[in-house]
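Chemist: The listed protein sequences derive, respectively, from chains A and B.
Heads up, the first sequence is in my numbering, so the first residue is 1 and it goes up one at a time.
Heads up, the second sequence is in my numbering, so the first residue is 1 and it goes up one at a time.
Heads up, some of the hints might be wrong.
It does not matter which identical chain is used: a pair holds within one copy or between any two.
Said to hold, decoys possible - Quick list of in silico lysine-lysine cross-link-like pairs, DSS-like style, CA-CA up to 27 Å:
no. : residue 1 : residue 2
1   : K328      : K314
2   : K249      : K336
3   : K115      : K314
4   : K186      : K386
5   : K24       : K389
6   : K354      : K232
7   : K232      : K336
8   : K353      : K248
9   : K117      : K86
10  : K249      : K298
11  : K314      : K106
12  : K314      : K29
13  : K249      : K335
14  : K329      : K29
15  : K248      : K24
16  : K298      : K235
17  : K181      : K353
FYI, nobody ran anything at the bench for these hints, they're computed from the structure.
Number of protein chains: 2
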Amino acid sequence: MIKIAIMGYGTVGSGVVEVLNTNKESIAKRSGDYIGVKYVLDLRDFEGDPIQDKIVHDYQIIVNDPEVKVVVETMGGVEPAYTFVKAMLLAGKHVTTSNKALVAEKGAELIALAKEKNVNFLFEASVGGGIPIIRPLNSSLTADEIEEITGILNGTTNYMLTQMAANGSEFDDVLKDAQAKGYAEKDPSADIEGYDACRKIAILTSLVCGQQVDFTDIHTEGITKITATDIKYAKAMGRAIKLLASSKKQDDGYIAMVAPYMIDATHPLYPVNGVFNAIFVHGNVLGDAMFYGSGAGKLPTASAVVSDVVDIAKHLDRNIWVEWSGEKKELLDYKKSVNKYFVRTTATKEDVKKAFDNVTFIEAEGVTGEVGFVTEAMSEEEYTDKAAKLGVVLGMIRVA
Amino acid sequence: MIKIAIMGYGTVGSGVVEVLNTNKESIAKRSGDYIGVKYVLDLRDFEGDPIQDKIVHDYQIIVNDPEVKVVVETMGGVEPAYTFVKAMLLAGKHVTTSNKALVAEKGAELIALAKEKNVNFLFEASVGGGIPIIRPLNSSLTADEIEEITGILNGTTNYMLTQMAANGSEFDDVLKDAQAKGYAEKDPSADIEGYDACRKIAILTSLVCGQQVDFTDIHTEGITKITATDIKYAKAMGRAIKLLASSKKQDDGYIAMVAPYMIDATHPLYPVNGVFNAIFVHGNVLGDAMFYGSGAGKLPTASAVVSDVVDIAKHLDRNIWVEWSGEKKELLDYKKSVNKYFVRTTATKEDVKKAFDNVTFIEAEGVTGEVGFVTEAMSEEEYTDKAAKLGVVLGMIRVA
Numbered sequence: 001m002i003k004i005a006i007m008g009y010g011t012v013g014s015g016v017v018e019v020l021n022t023n024k025e026s027i028a029k030r031s032g033d034y035i036g037v038k039y040v041l042d043l044r045d046f047e048g049d050p051i052q053d054k055i056v057h058d059y060q061i062i063v064n065d066p067e068v069k070v071v072v073e074t075m076g077g078v079e080p081a082y083t084f085v086k087a088m089l090l091a092g093k094h095v096t097t098s099n100k101a102l103v104a105e106k107g108a109e110l111i112a113l114a115k116e117k118n119v120n121f122l123f124e125a126s127v128g129g130g131i132p133i134i135r136p137l138n139s140s141l142t143a144d145e146i147e148e149i150t151g152i153l154n155g156t157t158n159y160m161l162t163q164m165a166a167n168g169s170e171f172d173d174v175l176k177d178a179q180a181k182g183y184a185e186k187d188p189s190a191d192i193e194g195y196d197a198c199r200k201i202a203i204l205t206s207l208v209c210g211q212q213v214d215f216t217d218i219h220t221e222g223i224t225k226i227t228a229t230d231i232k233y234a235k236a237m238g239r240a241i242k243l244l245a246s247s248k249k250q251d252d253g254y255i256a257m258v259a260p261y262m263i264d265a266t267h268p269l270y271p272v273n274g275v276f277n278a279i280f281v282h283g284n285v286l287g288d289a290m291f292y293g294s295g296a297g298k299l300p301t302a303s304a305v306v307s308d309v310v311d312i313a314k315h316l317d318r319n320i321w322v323e324w325s326g327e328k329k330e331l332l333d334y335k336k337s338v339n340k341y342f343v344r345t346t347a348t349k350e351d352v353k354k355a356f357d358n359v360t361f362i363e364a365e366g367v368t369g370e371v372g373f374v375t376e377a378m379s380e381e382e383y384t385d386k387a388a389k390l391g392v393v394l395g396m397i398r399v400a
Numbered sequence: 001m002i003k004i005a006i007m008g009y010g011t012v013g014s015g016v017v018e019v020l021n022t023n024k025e026s027i028a029k030r031s032g033d034y035i036g037v038k039y040v041l042d043l044r045d046f047e048g049d050p051i052q053d054k055i056v057h058d059y060q061i062i063v064n065d066p067e068v069k070v071v072v073e074t075m076g077g078v079e080p081a082y083t084f085v086k087a088m089l090l091a092g093k094h095v096t097t098s099n100k101a102l103v104a105e106k107g108a109e110l111i112a113l114a115k116e117k118n119v120n121f122l123f124e125a126s127v128g129g130g131i132p133i134i135r136p137l138n139s140s141l142t143a144d145e146i147e148e149i150t151g152i153l154n155g156t157t158n159y160m161l162t163q164m165a166a167n168g169s170e171f172d173d174v175l176k177d178a179q180a181k182g183y184a185e186k187d188p189s190a191d192i193e194g195y196d197a198c199r200k201i202a203i204l205t206s207l208v209c210g211q212q213v214d215f216t217d218i219h220t221e222g223i224t225k226i227t228a229t230d231i232k233y234a235k236a237m238g239r240a241i242k243l244l245a246s247s248k249k250q251d252d253g254y255i256a257m258v259a260p261y262m263i264d265a266t267h268p269l270y271p272v273n274g275v276f277n278a279i280f281v282h283g284n285v286l287g288d289a290m291f292y293g294s295g296a297g298k299l300p301t302a303s304a305v306v307s308d309v310v311d312i313a314k315h316l317d318r319n320i321w322v323e324w325s326g327e328k329k330e331l332l333d334y335k336k337s338v339n340k341y342f343v344r345t346t347a348t349k350e351d352v353k354k355a356f357d358n359v360t361f362i363e364a365e366g367v368t369g370e371v372g373f374v375t376e377a378m379s380e381e382e383y384t385d386k387a388a389k390l391g392v393v394l395g396m397i398r399v400a
């Protein structure tokens, strides 16, 4: 039996226990041995829970037990997860984590440490929940130069945008509904401001470049400015508004950003609705590919964590290659990225034509007292200049 | 440098050379060494081609050259590919193939032989072209019991059905167009009769079960009976007609079949158009996932082959676990599978109501002189009985 420890018995951690129990035999067959949970680290005691007698409060108990070969980190947040994970790797234990904050900030360091100790640090569940994307990037898309990776990486915001489109409702009402349903947290800023998606695209971009991409370098806009009026315009254009997190190769670098986009019905991400996530990849020889599935949720995320445990079980004596060095990758300035822009303004059509050269005016049902239009393709900085000339801009959404 | 040989310099084989040249540096970085083509086996000479001096006509030259560690098989067909591949594995060489016919028929045996010789037999490109699906099934979806795997696995037929839907054209005209564009072969039966998709779902089902599934056991219907009238009905129902190859867990077994289905707009495979392929997977803990991309074509397929070469380069001294034993898996009779059925008949609505209990009649624009209806869910055998009672059936398409 391969003995494991789980750090953090919240939604994902308890999901890991459930998945290991539910599919015990098939997981054993694929791992070459049974997987047994020896410890569960948590501040709480979980009286009456079947794992109660496995609960420990001190991570050093796990560090000092040579029987534990694999540690699952499902606590979330950078600290104390970082301290604990580092100690486990230093003690020669393999680690898998679902913690995007930890991976985005400390990924390169922990990967290097795992390499040094000839163990593994895996993080399939940190991006896209149950969707296999980290392992495919690392071991399947290896014949390609990835020229674009664009994802719907946050289920909460995708659920909210889907609801707004379905019901014509305003942002605040949909947020309340998402909170009531448990899809959004009391403090929803990590989701709605795009911070969560930002960390995830930082991880994907690091893997694509093979170098450290700092999430603080990624221009990030959330969905808080999206209104029911924007949705009306999107519908008039046959488009959907999605929060996209993307990295695109341009010249010899990458431009990464998180922002709402209007995408049309032929875009592979257009039909991705509700809490689902999807990741679109364009490779220079592969062409277009897409990975779709449950981006969050107890069991899908736990499924990804356990797939890491199985992979580790098959590589107990060797490090699985991951290309992500600590050398910092400077991103290109997002202001160089080229887009079309949908703009709403109180200026007149004449003024719009003066400020922008070629525009397409959009009429949306029931919208009056303002002008909506789509610009031709131009860089962000060019757009900013022209918008300043125009004067009052009620809102802008990029068009892809 | 890792020396490889390519057997078969057709579309995919020459694509492999192109991919290795195009992404030489990044592939070397990921493989840990440069990949060099030492031999290309083909009956032809390719005078003037840069690989001309690497051409050999006798596979024994490759078998007997200990410098060649990896062999790429892109010839197609069971023989002589089987004889050549077996000889390569017996000589201790790793093999990757894009050959679905070979994998469907001899996969279990060649996997076992590779294990015995501590080398690898990989076949990512045999299903779904460039879409990573074999490796994800084998190494990412390992925490799950796969309860369903359903794919659009043939780009030719999907292109044809997409064209029929877009233009309202008849099957024969669309086939001629596909042949003119090079999407369909002169003898198109492997595609349009569903044989190609059948071999691919046999491979996927074998991987899901971990046992040998014989493609001859899979009930297979092609798209030759689909008419412009069927498309009109599908549109009236807001559905698309797709050739689906599927395996579903039922009781303790799997039912596998290939047939056209009418699917609605909420189905993850609905937006998959043209020559694209996609594979939908439902796991008992993962829930729904989908993999989408180019199902065929020179470079996408070659990208998958080269990803196998990179994987082999990272596992030159050890066998990568693949769960697919030679023990035969008996499939459940497809007549036990439960579906709704769209039926066209010259019988009256009264007769339809007598033969089937609950039906929904469908009116399609411009269709007269016949009755179209959808049945309630029932087994295939129950449907067959009721349809026999009804008498003249002009056509039947399953509804999913």
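Chemist: Hints first: check each against the structure and report whether it holds.
Modeler: To see whether the hints hold, each was checked on the structure:
no.: 1; hint: K328 / K314; result: between (31 Å within a copy, 26 Å between copies)
no.: 2; hint: K249 / K336; result: within (12 Å within a copy, 51 Å between copies)
no.: 3; hint: K115 / K314; result: both (16 Å within a copy, 15 Å between copies)
no.: 4; hint: K186 / K386; result: neither (38 Å within a copy, 56 Å between copies)
no.: 5; hint: K24 / K389; result: neither (64 Å within a copy, 48 Å between copies)
no.: 6; hint: K354 / K232; result: within (26 Å within a copy, 48 Å between copies)
no.: 7; hint: K232 / K336; result: neither (29 Å within a copy, 47 Å between copies)
no.: 8; hint: K353 / K248; result: neither (30 Å within a copy, 58 Å between copies)
no.: 9; hint: K117 / K86; result: within (11 Å within a copy, 38 Å between copies)
no.: 10; hint: K249 / K298; result: between (34 Å within a copy, 23 Å between copies)
no.: 11; hint: K314 / K106; result: both (25 Å within a copy, 25 Å between copies)
no.: 12; hint: K314 / K29; result: both (11 Å within a copy, 23 Å between copies)
no.: 13; hint: K249 / K335; result: within (14 Å within a copy, 51 Å between copies)
no.: 14; hint: K329 / K29; result: between (41 Å within a copy, 17 Å between copies)
no.: 15; hint: K248 / K24; result: between (41 Å within a copy, 21 Å between copies)
no.: 16; hint: K298 / K235; result: neither (33 Å within a copy, 38 Å between copies)
no.: 17; hint: K181 / K353; result: neither (45 Å within a copy, 43 Å between copies)
Consistency note: the structure conflicts with the earlier hints numbered 4, 5, 7, 8, 16, 17.
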